[in-house]
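This is what each chain is made of:
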Amino acid sequence: MTGFGSINPAAVFAYFLCVTVSGIFTLNPIISVISLAGALLLWAVLPVAKNKRTHIYPVLLTLFCAVGNPLFSHNGETVLLVINNNPITLQSTLYGLFIGIMLSAAVYWFSSFSLIVSSDKIIYTLGFISQKAALVLTMALRFVPLYIRKARQINGTQKALGLYKDETIITRFRGGVRVFSVLMTNMIEKTIITSDSMAARGYSGGKRSGYPLFKFTFKDAVFLAVTVFLTLLTAVPQAKGALDFNFYPHIDITFYGVSSVAAYTGYALLCLCPSVYEGSDRLKWHYLISRI
Amino acid sequence: MALFDIKNLSFAYPAGKRILRDVTLTVEQGDFLVLCGPTGSGKTTLLKLLKPELFPLGEKSGEVLFEGADINALPPEASCRIGFVQQSPEHQIVTDKVWHEIAFGMENMCFDKMLMKRRMAEIMSYFSIDSQFDTNTSDLSGGQKQMISLASVLVMDPKVIILDEPTSQLDPVSASGFLQTLKKLNDELGLTIIITEHRLENVIPLGSKLCVIEDGSVTALGETKQAIKEILSNEKIRRSMPGSVQIFHTLGANGECPLNVPQGRAYLKNNMPQSIRELPEEEQQGGSETEIKIKNLCLRYSKNSPDVLNQLNLTVYKNEILCVLGANGSGKTTLLNAVANLVTPYAGKIEIKGKNIKKYRGQELYNNLLAMLPQDVETVFLRNTLQEEFEKAGVDPTDLPYDLSYAYSTHPYDLSGGEQQLAALAVVLASKPEILLLDEPTKGLDNGAKATLCKALRALKEKGKTIVIVTHDVEFAARCADRAAMMFRGEITCIETPRRFFTDNIFYTTSVAKITAGLIEGAVTPEDFEYCAGGGK
Numbered sequence: 003m004t005g006f007g008s009i010n011p012a013a014v015f016a017y018f019l020c021v022t023v024s025g026i027f028t029l030n031p032i033i034s035v036i037s038l039a040g041a042l043l044l045w046a047v048l049p050v051a052k053n054k055r056t057h058i059y060p061v062l063l064t065l066f067c068a069v070g071n072p073l074f075s076h077n078g079e080t081v082l083l084v085i086n087n088n089p090i091t092l093q094s095t096l097y098g099l100f101i102g103i104m105l106s107a108a109v110y111w112f113s114s115f116s117l118i119v120s121s122d123k124i125i126y127t128l129g130f131i132s133q134k135a136a137l138v139l140t141m142a143l144r145f146v147p148l149y150i151r152k153a154r155q156i157n158g159t160q161k162a163l164g165l166y167k168d169e170t171i172i173t174r175f176r177g178g179v180r181v182f183s184v185l186m187t188n189m190i191e192k193t194i195i196t197s198d199s200m201a202a203r204g205y206s207g208g209k210r211s212g213y214p215l216f217k218f219t220f221k222d223a224v225f226l227a228v229t230v231f232l233t234l235l236t237a238v239p240q241a242k243g244a245l246d247f248n249f250y251p252h253i254d255i256t257f258y259g260v261s262s263v264a265a266y267t268g269y270a271l272l273c274l275c276p277s278v279y280e281g282s283d284r285l286k287w288h289y290l291i292s293r294i
Numbered sequence: 103m104a105l106f107d108i109k110n111l112s113f114a115y116p117a118g119k120r121i122l123r124d125v126t127l128t129v130e131q132g133d134f135l136v137l138c139g140p141t142g143s144g145k146t147t148l149l150k151l152l153k154p155e156l157f158p159l160g161e162k163s164g165e166v167l168f169e170g171a172d173i174n175a176l177p178p179e180a181s182c183r184i185g186f187v188q189q190s191p192e193h194q195i196v197t198d199k200v201w202h203e204i205a206f207g208m209e210n211m212c213f214d215k216m217l218m219k220r221r222m223a224e225i226m227s228y229f230s231i232d233s234q235f236d237t238n239t240s241d242l243s244g245g246q247k248q249m250i251s252l253a254s255v256l257v258m259d260p261k262v263i264i265l266d267e268p269t270s271q272l273d274p275v276s277a278s279g280f281l282q283t284l285k286k287l288n289d290e291l292g293l294t295i296i297i298t299e300h301r302l303e304n305v306i307p308l309g310s311k312l313c314v315i316e317d318g319s320v321t322a323l324g325e326t327k328q329a330i331k332e333i334l335s336n337e338k339i340r341r342s343m344p345g346s347v348q349i350f351h352t353l354g355a356n357g358e359c360p361l362n363v364p365q366g367r368a369y370l371k372n373n374m375p376q377s378i379r380e381l382p383e384e385e386q387q388g389g390s391e392t393e394i395k396i397k398n399l400c401l402r403y404s405k406n407s408p409d410v411l412n413q414l415n416l417t418v419y420k421n422e423i424l425c426v427l428g429a430n431g432s433g434k435t436t437l438l439n440a441v442a443n444l445v446t447p448y449a450g451k452i453e454i455k456g457k458n459i460k461k462y463r464g465q466e467l468y469n470n471l472l473a474m475l476p477q478d479v480e481t482v483f484l485r486n487t488l489q490e491e492f493e494k495a496g497v498d499p500t501d502l503p504y505d506l507s508y509a510y511s512t513h514p515y516d517l518s519g520g521e522q523q524l525a526a527l528a529v530v531l532a533s534k535p536e537i538l539l540l541d542e543p544t545k546g547l548d549n550g551a552k553a554t555l556c557k558a559l560r561a562l563k564e565k566g567k568t569i570v571i572v573t574h575d576v577e578f579a580a581r582c583a584d585r586a587a588m589m590f591r592g593e594i595t596c597i598e599t600p601r602r603f604f605t606d607n608i609f610y611t612t613s614v615a616k617i618t619a620g621l622i623e624g625a626v627t628p629e630d631f632e633y634c635a636g637g638g639k
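If you read the protein sequences in the order shown, they are chains A and B.
Reading the first sequence from the start, the letters are residues 3 to 294 in my numbering.
Reading the second sequence from the start, the letters are residues 103 to 639 in my numbering.
By construction, these hints were calculated from the structure, which means they are not laboratory data.
Here a beta-carbon is modelled for each residue, glycine too, at the ideal position from N, C-alpha and C.
Certain hints may be false.
Computed Cβ-Cβ distance ranges for the label pairs, DEER-style [unchecked claim]:
hint	chain 1	residue 1	chain 2	residue 2	range
1	A	R151	B	S511	29 to 35 Å
2	B	A429	A	G208	26 to 32 Å
3	B	A561	A	S183	30 to 36 Å
4	B	E224	A	E191	53 to 59 Å
5	B	K397	A	L290	56 to 62 Å
6	A	R151	B	E169	41 to 47 Å
7	B	A117	A	I190	19 to 25 Å
8	A	V61	B	K494	30 to 36 Å
9	A	V35	B	G464	54 to 60 Å
10	B	S511	A	F175	26 to 32 Å
11	A	R151	B	I608	33 to 39 Å
12	A	S183	B	F609	43 to 49 Å
13	A	S120	B	M216	20 to 26 Å
Each computed DSSO-like pair below joins lysine-lysine, with the alpha-carbon atoms no more than 30 Å apart [said to hold, decoys possible]:
hint	chain 1	residue 1	chain 2	residue 2
14	A	K221	B	K219
15	A	K161	B	K455
16	B	K420	A	K161
17	B	K395	B	K460
18	A	K209	B	K219
19	B	K461	B	K420
20	B	K545	A	K192
21	B	K534	B	K461
22	A	K217	B	K219
23	A	K192	B	K162
24	A	K209	B	K455
25	B	K397	B	K460
26	A	K217	B	K215
27	A	K209	B	K397
28	B	K395	B	K563
29	A	K123	B	K219
30	B	K109	B	K285
31	B	K311	B	K461
32	B	K534	B	K395
33	B	K331	B	K286
34	A	K134	B	K219
35	B	K616	B	K557
36	B	K261	A	K192
To spell it out: a stretch of chain B is covered by chain A in this simulated footprint if at least three of its residues, at any positions, have a beta carbon under 8 Å from a beta carbon of chain A; those stretches are [what the hints assert, rightly or not]:
hint	region
37	150-164
38	216-230
Produce the entire structure from the sequences given, and follow the hints as far as they go.
Laid out in structure tokens, this is it:
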């Protein structure tokens, strides 16, 4: 992987944690719009195959919130129309829209996250917290495809045995129960082999270490430092109320001069970080190639 | 100082019979020791008694010394020094990625990070599996999985590797590749190897020592050629030996025992029997009535994948045993699944008893007509004992050509591979099928079990069943089939009586056929050879 994907997974995790958490807890529509823009930009520049259908969910989500919220919440002073004696207000609609945008931004951040973070990276990062948890995760990731395949096999076997009928819903349900029961017995029997195999290679449930699959380089340290700095630049003024925003009874934005400017620019830069890194990395390659 | 010094070792499982009796055995550094014996003779138990983490529970007497020290007193770090590889490729893998599987042992032992990277690089390069570093373990073939398991043990730098039937679940090509790797490790690094196997054809020529265990006792032990001479009089064990050994026995067992095909040929040339009796002409077995007719069958698993079955044509006659042979990925299992209507071809036609398979509604095809036994027969069993299993399925034990009543109270998973195969066969027979489809029925079976299965299938054929078997096992096909077919790239490339088939094949044939090629016409099994060579008598 190149660009953003080549950064040490621990730093990448820290980045996504900062950008999503501070994007959600500010409860500020301007921050949400910045967040959505940054997330979309990153999603677009990542050099991996993407599924266009990813867009469906954020759009539906935004519409759902914008339409749904005013139906249940009737706060706000500007009444747009009245349905069943209930006022539909402008503020409530805008609030719904804001929630939709905030959630959509999160969807895009997580989508980018899943595009560049493989299971290896998750296990590596989890290893910093607990090597045992990392082991459980890697074992689970192995079990799932194994037992999906096994369940299919059992299903075929039981069908071709010719002993059971599967014409009605009840017999089909019984068939499903049968497959599940065989699968469970099989799993329990076979885990003995796995546990023997673990014991034979020195696993005792005690302390274990992790294979250093990724390096932590100077570049990663810089990226992490920038992430932390920009997050603090947003979070500190926010704690003082520099990002306060009220929807009800009427829309009201508080502006605190320098500290608000710092908070908004800090967050905007934070959102741009990975895209800028990705872009600069690509420029570098472009120039390298033209020099060759 | 010997690596392992086993003195008067006896062992019994709690409330069970004595499984090992007074075993005394010495393994020197650099030995390649092959342990063989029938199923249930105590081989696996003996191996587990050499690995402290896997000690079985039970009553033990005698002692085991590892490098001169009592094995019970070994410190936990010593687990690195004794490597252990099990039978099942699927279940001894712990993690989801190849690199993690190989790192697993090193992580457990808390190796230094630099050392981990170095060993990883070494082992990946030695096995040339570096391209699989990021591969998901679930995407590997059985042979590749076993190779990864071996690598993951080797990376911890063991003095000895103990392997419990490592190739019994593999196809012949992967199995011989795996054994060659062991030989290479033994030759190049002087690594000590202790291995048990059912299929002895390939492993015996590689070993430096042979130990035969029967019923918990060592009945022959020594340098391979010497030990073989000791057991020639024991028919049960001799039958499981390589073809060359059986030819050696038939020809009077004089001189040095040949272990592989070239040695066998040389021995046969020098000891050619005086008069050779011709084999009787093989008659076309089975009926001539068409049971299954497959026309131009094409099948693929997804739109852009290559055809798994490619314009396949095949006719199966009523009341015959047809063995379909072929390499991995040639489409054998898919062919069976298509006939069992578990996968749908995109072109072509399958007729069963003259009726298109698509015209069979619902369960009609599986009612008293066709049944399939999968490769993994454990997926058949549902109950806690064999008796319950048989009652639930409606098995009539008097109808079976074999007897399993001694195992009625056993859990199906605790049966041996051969017994499982017969039990599953009994369950399948309960629906009174006329056509039986079997996928790799001899996988993991020892010679005795194969012979029993072969007898059972012949008996079912006598009762009028039609049997189609998909297998890698050339020796089994040579004994059991009425016709043998070769499958390659989704088509049937030839189909003949087994004797013709295995005589005309040059590469894909039995070891006896390889040894006798051009010397004795048509001898493909040791029994054929005995018949020919016994000409004068």
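| task | Please flag the earlier hints that this structure goes against, numbers listed from lowest up. | result | Violated: hints 2, 4, 8, 24, 27 and 31.
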